[in-house]
Amino acid sequence: MFNHLLSLLIWLPVVGAIPVLLAGSARPNMARWLALLVAVLTFAASLLLLLQYHPDAGGMQLVESYMWIPAWGVHYGLAVDGISVALILMTTFVGILVIVGAWEVIQDKPHQYMAAMLMLEGLLIGVFCATDALLFYALFEAILIPMFILIGIWGGPRRVYATLKFFIYTFFGSVFMLIALLYLYQKAGTFDMATLAALPLTMKEQTWIFFAFLIAFAIKVPMVPVHTWLPDAHVEAPTGGSVVLAAVMLKVGTYGMLRFILPITPDAGAHFAWLIIGLSLVAIVYIGYVALVQEDMKKLVAYSSVAHMGFVTLGIFIAFMLVREQGNTEMAQLGMQGALVQMISHGFVSGAMFTCIGVMYDRLHTRQIKDYGGVINVMPWFGFFYVLFAMANSGLPGTSGFVGEFMVIMASFAANPWIALFAAFTLIIGAAYTLWMVKRVLWGDITNPHVAEMKEINGRETFVLTAFAAAVLAIGIWPQPLVHLMDSSAMQLVRQLAVHKI
Amino acid sequence: MELSTSILLTIALAPLVGCVLAGFLGRFLGRAGSHTVTLLGVAISCALSFYVLYQLTLGGAVAYNHNLYTWFQIGHFHASVGFMVDRLTAMMLVVVSFVSLLVHLYTIGYMHDDPGYTRFFSYISLFTFSMFMLVMSNNFLQLFFGWEAVGLVSYLLIGFWYKKPSAIFANLKAFLVNRVGDFGFLLGIAAVVYFLGTLDYATAFSAAPSLVGKTLQITAGTHWDAATVICVLLFIGAMGKSAQVPLHVWLPDSMEGPTPISALIHAATMVTAGIFMVARMSPLFELSQSALSFIMVIGGTTALFTGLVGIVQHDIKRVIAYSTLSQLGYMVVALGVSDYSGAVFHLMTHAFFKALLFLGAGSVIIAMHHEQDMRYMGGLRKYMPITWITMWIGSLALCGVPFFSGFYSKDAIIEAAGLAHRWGAGYAYFCVLAGALVTGLYTFRLMYLTFHGKERFKVVASHGHDGHDDHGHHEPGVLAHAPKESPWVVTVPLVLLAIPSLLIGYLTVGPLLFGNWFGSAIHVNPADNVLAEMGKEFHGPLAMALHGLTPFGPFGLVLLAFAIQTYIYLFNPAMAGKIKSALKPLWTALDRKYWFDEVYFAVFARGGVKLGRGLWRAGDAALIDGAMVNGSVGMVHRVAASTRRLQSGYLYHYAFAMILGLILLLGGYWLVGQ
Chain A
1 MFNHLLSLLI
11 WLPVVGAIPV
21 LLAGSARPNM
31 ARWLALLVAV
41 LTFAASLLLL
51 LQYHPDAGGM
61 QLVESYMWIP
71 AWGVHYGLAV
81 DGISVALILM
91 TTFVGILVIV
101 GAWEVIQDKP
111 HQYMAAMLML
121 EGLLIGVFCA
131 TDALLFYALF
141 EAILIPMFIL
151 IGIWGGPRRV
161 YATLKFFIYT
171 FFGSVFMLIA
181 LLYLYQKAGT
191 FDMATLAALP
201 LTMKEQTWIF
211 FAFLIAFAIK
221 VPMVPVHTWL
231 PDAHVEAPTG
241 GSVVLAAVML
251 KVGTYGMLRF
261 ILPITPDAGA
271 HFAWLIIGLS
281 LVAIVYIGYV
291 ALVQEDMKKL
301 VAYSSVAHMG
311 FVTLGIFIAF
321 MLVREQGNTE
331 MAQLGMQGAL
341 VQMISHGFVS
351 GAMFTCIGVM
361 YDRLHTRQIK
371 DYGGVINVMP
381 WFGFFYVLFA
391 MANSGLPGTS
401 GFVGEFMVIM
411 ASFAANPWIA
421 LFAAFTLIIG
431 AAYTLWMVKR
441 VLWGDITNPH
451 VAEMKEINGR
461 ETFVLTAFAA
471 AVLAIGIWPQ
481 PLVHLMDSSA
491 MQLVRQLAVH
501 KI
Chain B
1 MELSTSILLT
11 IALAPLVGCV
21 LAGFLGRFLG
31 RAGSHTVTLL
41 GVAISCALSF
51 YVLYQLTLGG
61 AVAYNHNLYT
71 WFQIGHFHAS
81 VGFMVDRLTA
91 MMLVVVSFVS
101 LLVHLYTIGY
111 MHDDPGYTRF
121 FSYISLFTFS
131 MFMLVMSNNF
141 LQLFFGWEAV
151 GLVSYLLIGF
161 WYKKPSAIFA
171 NLKAFLVNRV
181 GDFGFLLGIA
191 AVVYFLGTLD
201 YATAFSAAPS
211 LVGKTLQITA
221 GTHWDAATVI
231 CVLLFIGAMG
241 KSAQVPLHVW
251 LPDSMEGPTP
261 ISALIHAATM
271 VTAGIFMVAR
281 MSPLFELSQS
291 ALSFIMVIGG
301 TTALFTGLVG
311 IVQHDIKRVI
321 AYSTLSQLGY
331 MVVALGVSDY
341 SGAVFHLMTH
351 AFFKALLFLG
361 AGSVIIAMHH
371 EQDMRYMGGL
381 RKYMPITWIT
391 MWIGSLALCG
401 VPFFSGFYSK
411 DAIIEAAGLA
421 HRWGAGYAYF
431 CVLAGALVTG
441 LYTFRLMYLT
451 FHGKERFKVV
461 ASHGHDGHDD
471 HGHHEPGVLA
481 HAPKESPWVV
491 TVPLVLLAIP
501 SLLIGYLTVG
511 PLLFGNWFGS
521 AIHVNPADNV
531 LAEMGKEFHG
541 PLAMALHGLT
551 PFGPFGLVLL
561 AFAIQTYIYL
571 FNPAMAGKIK
581 SALKPLWTAL
591 DRKYWFDEVY
601 FAVFARGGVK
611 LGRGLWRAGD
621 AALIDGAMVN
631 GSVGMVHRVA
641 ASTRRLQSGY
651 LYHYAFAMIL
661 GLILLLGGYW
671 LVGQ
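Protein sequence lines correspond, in order, to chains A and B.
In case it helps, our numbering puts the first sequence at residues 1 to 502.
In case it helps, our numbering puts the second sequence at residues 1 to 674.
Since the hints were derived computationally from the structure, they do not count as laboratory data.
All C-beta atoms, glycine included, are put in the ideal place defined by N, C-alpha and C.
Each hint should be verified, as a subset may be incorrect.
[Claimed, not checked] In silico PhoX-like cross-links for lysine-lysine, where the CA-CA straight-line distance does not exceed 25 angstroms:
(1) K163(B) to K370(A)
(2) K163(B) to K455(A)
(3) K455(A) to K610(B)
(4) K370(A) to K214(B)
[What the hints assert, rightly or not] A short, non-exhaustive set of chain A residues, derived as facing chain B with CB atoms under 7 angstroms:
(5) D56
(6) G58
(7) M60
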C-alpha cells in the first residue's frame, strides 16, 4: 500500500467525488458526510505520507513510475520531496476545512459543490507530486476546470466575467509552458523532469524557455503585472473557492518555478533574477498601496495575497543572487526556506482570512467594508479570530506570517540592503491595510442595524477557525519541524542554483 | 551556582496561564475568578523575580544564558528561544512584575463596573508575559517577538473601549507608528545577521569588535560604517517603542486606553523597552560615536520639547503622558552619553513614580466620575488625602527634588550630559537642564490645578439613578456625588509605589550608578565612561543629596518653577490667562503640539490613501486591466467584428469578391509581365 501512497492521495478524493456526486441533490446530507469522510481519509493518508517520508534522506521519495503514453515516452511518474509533502499536507488540511466550511452555506446543489472540491483537491495533490512534465502540465491545466465550475456556478453576480478572465489569463500563460515543454522534449526525448533538469542548454535557449515558464507561472502566482485576474476571481468565488484558490492554487505557480525554472534554466534565472526581484518588490510596495484603498474586503485580502506571494518569489530569486554573486549558500538557503515557509504560511493565513470574510458575508450578504463596523459588539469570539488572523497577515511574530517574511528579509539584506529596505516596508504597509480594515469592520459602535442582528459564530465555524488558528500559531511558535521537513529539499534547490549549464 | 530554568520558565509563563484562563474561560470563572487567576499568576512571577534578583545580587548566582528550543536551524544559522538573565534582566523583571502586580490589584477597583472586566485582566497578563519574553530574551529574534507582542497588547488595550472612535483611531495610530520604528529595528537585526552572522546576543557581542573598519556599501562610492548603520537602525526601533521625536506622536493618544494600562504600559514598562534594548546592546553601541551622538540629540530634543507641550495640556493624563515622553528623552540622553547604567537607573525610578502618578490620576478620575479635564477639578486634597499625598511624593520625585528617588537618577543624567564630550553633548546638556525647569512647571501646575485652589466643579444631587457607566457623556464639571477617596484596592498600590518613589534612589544609587552593579551586562569604553568620572565625586547618597540642594543647579530651576506656579495658581489665577495671550504664537504651537499630528495625517495617512487610489486607478484599472487585458479582448472583438462583416452569407458578395480577386490576380500577372 505504501508503494502507491501518492496514487492513493491523488485518486482517493478524485474517485471519492463520484459517490458524492451520485448522492444527488435529493440527499444533500449524505453528500456532505460522504465528502467529509473522503476529505478526512485523504488527510489521514497525507499524515501517513508524513510518516513515510524521511526528511534527512532528502531526494525524491515514494517514487511511482509507469509508462503512460509509450509513443511519446510519457510516464505516470510520481514522487515527493519535503516541499511536496508540506504542500500536500496543507492541501489536505485545508481540504477538510473547506468541506466543513461549506456545510450549510452551500444550499444549491451541495453534492456537486463538494464533488468539485474533492476533485480539485486530488488534482492539486497530483500537481505537487508529478515527476513527469507532461503529467504536471495536464494536471496544471486540469485544476482550472473544477475551479471554473466552482466560481461559475456558486459565484457572485459578475462570475461570468471573473471565470472567463481567470480561465483565459491562466490558459494564455500555460500555452507558453507547453511550447517550452515541447522544445525540451524534442531535445531530450523525454518529459521526465529529472532528465530535463540535467539537460545542457545554451544561454539563448535558456532565456526563451525561462520566459516561457515565467509567463505561465507568474500568472498563476500571480506576480505584478499579471495579477489582475486574482481580485476579480476572489470577489466572485464562493468562500470555499477563495480559500482553496488563495491557500493552494497560488502555490502551484511558485511550486512550478521551483521545479522548472530553477533546475532547467539556472543561468537564465540568475541572469534575470533582478527582474523577478524587482517585480516582487513592486508586488510588496505597489500592491500594498493598492490594497490600502480597496473597499471590498475580499479584494483587499486578494491584493494582500499578491503582496505576500511577492515574498515567495523574492525569496527564491534572492537565493539566486546570493549564490551566483556572493557564493553565500547559507543565506541563500535562508531565503529559499523563507520562500517555502511563506508558501505554507500564506496558505493558512489567507485561507483563514477568506473564511472570516465568508463568515461575515453569510450573515450580512455584503463584502463592502463600509457596510460593517462594530462587529465585535455582537461577535466577540469571531473578533478574536479575526484579529489573530489580521495580525498574522501583518506578519506579527508568534504567527506563521512572520517566519517566512523574516527569513526573506534577513537573506535580502545580505544580498543588498536596498532590497531588504523595500521588502521590510511590508511591516508598515501590511499592517496599515490589514488593521485599517479591522478598524472599520470590527471596532467601533454599531451603525448599521443589520450588524446588530449578526449572530456569533456557531460550532462549525468555530471548528474551522480554530483549526486555522492552530496551524498559524504552531508554525509561528515553532517553525523548526516545518523547516526540518523541507530542509534537505531546500538545500538541494540551492545546490542546483549553483550549477552552470552552459 | 546557576539559576534554575524552571524558575525562569515559571516567571515567564505564569502570567500567560492567567491570560489564557481569564481570556477563554472568563465566562465560567466569573469576575472574581478571573482577577484571582491573573493576580495569582503575576504574584508568582513577582515573588520569583525578587528571588532571582536576590540570587544574582547576594546569593552568588551567575548570569544565566541558555537556549530553550531551536526556533529554526538552517545550515549553521539558527534562531532559538532562550533566556539571558543577568542583573540587568533581573532588575527589569522586578520592576515589570512589581508594577504589573500593583496594576492588577488596582484594576479590580478601577475597572469595577466595566463590562470588559475579564478581558482586561487577560490583556494585562498577556502584556506581562510579552514583556518578560522581551527582557529575558537571549537573542534578537525573541527580542523582536516580545517587542511586537507588547505592541499588539498595547494596540488591544488602547482600543479597549472599542466603541470610542478616538480610541480605535489612537490604537491604529500607535500600532502603525510603532511599525515604522520596527521597520528600522528589523533592518537593524538584518544588519546584525549580515555582519555578525548570528542572532544570539552573546555571540554577537563577542564578535562585535570585528565590526570596526567594516562598511556597508550604500551606493557605488558611498560606504557607511557598519557599526553606525546597525546602531542607528536598531535605535530607530527604540524611537518607535520609546516614543522619541519624531515617532513620539502615538504616546499622547494612547491615553485613550484605561488608566491602569497608561501606568503599566505607557509609562512604567513597555515604553522603556527601547531604553532597555539599547542598554542591553551597549557592546554594539559603544562602537559608534556617531550613532551615540544621534541618540543624544534625539533624546535631548524629546526631553525638552515634549515637556514644553505638557505645560499647556488640560487633560490630566495627557500632562503625565508628555511628562513620560520628556523623561524617556532623559533616559535616551543618558544612553547617548554612554551612561547606560544611568539610563536604566532612571528607567527604574521613573517606573515607580510615573506609575504612581498615573494611578493617582486614575484615582482622581474615578472620584471625578471619569472627568479628565483639570479645568473642572481643583481643591481635591480634602476629599482624597491619600491620593493627594502620594501624588505629591510622585511629583517631587519627578521634579528631582533631593532625597526623592528621581533626584538621584535625573541629576546624574544631567551631570553626565554636562561631562560628555561627544558631538552634540552641549545641546543635549542644555535640553536636559532646561528640561528640569519645564518638568517643574508642568508638574506643579498639575498638582495645583487638581488638588489645590478653588473647587471648579459643582455637585448636583443625582438626576435619576445613572450608575457608573457614564464614560464621558455627562456635563463637564457637574458631578452627581461629591468626590471621595478611592477604595483600598486603589490606594494600597499608590502607597506601595510611593515608598520606592521616595526611597529607592537613596538606597540603590551607590551600587547601581557607581558600584558597577551591572557588571558585564553593560559595556562602556573607558574613554567615554562619564560615570566613572562622576564616581570620583560620589561620597554616598546623603552627600549627593545635600550637594544637590544648591540653588545653582537643576534644583534651583525646580525651585524657580515652584515659585512661578505657586504664584500663578494659588495667588493670581488670572495670570495664567495673561501669559497665554502674551505668548500667543508660542502657546498655539504648544497647544497644537507643533502640528506633528496634522502634518503626519495629511502626508502619511491621507497621502498614502491618495497614492494608493492613484496607483490603483492608473496601474491596475487603467493600464493593466483597461489597456492590456480588456484592451486585448477589445482588440479581438474589433478584429472579429470587422472580419465577420466579410462573411455576409450573400452569394453575390462572395461571387463579387471572387471576381475582384481574379481581376487583381490577373492584373498583377499582367503588370509583372509588362
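Against the structure, test the hints numbered earlier, and report the numbers of the ones violated in rising order. Of the numbered hints, 3, 4, 5, 6, 7 do not hold.
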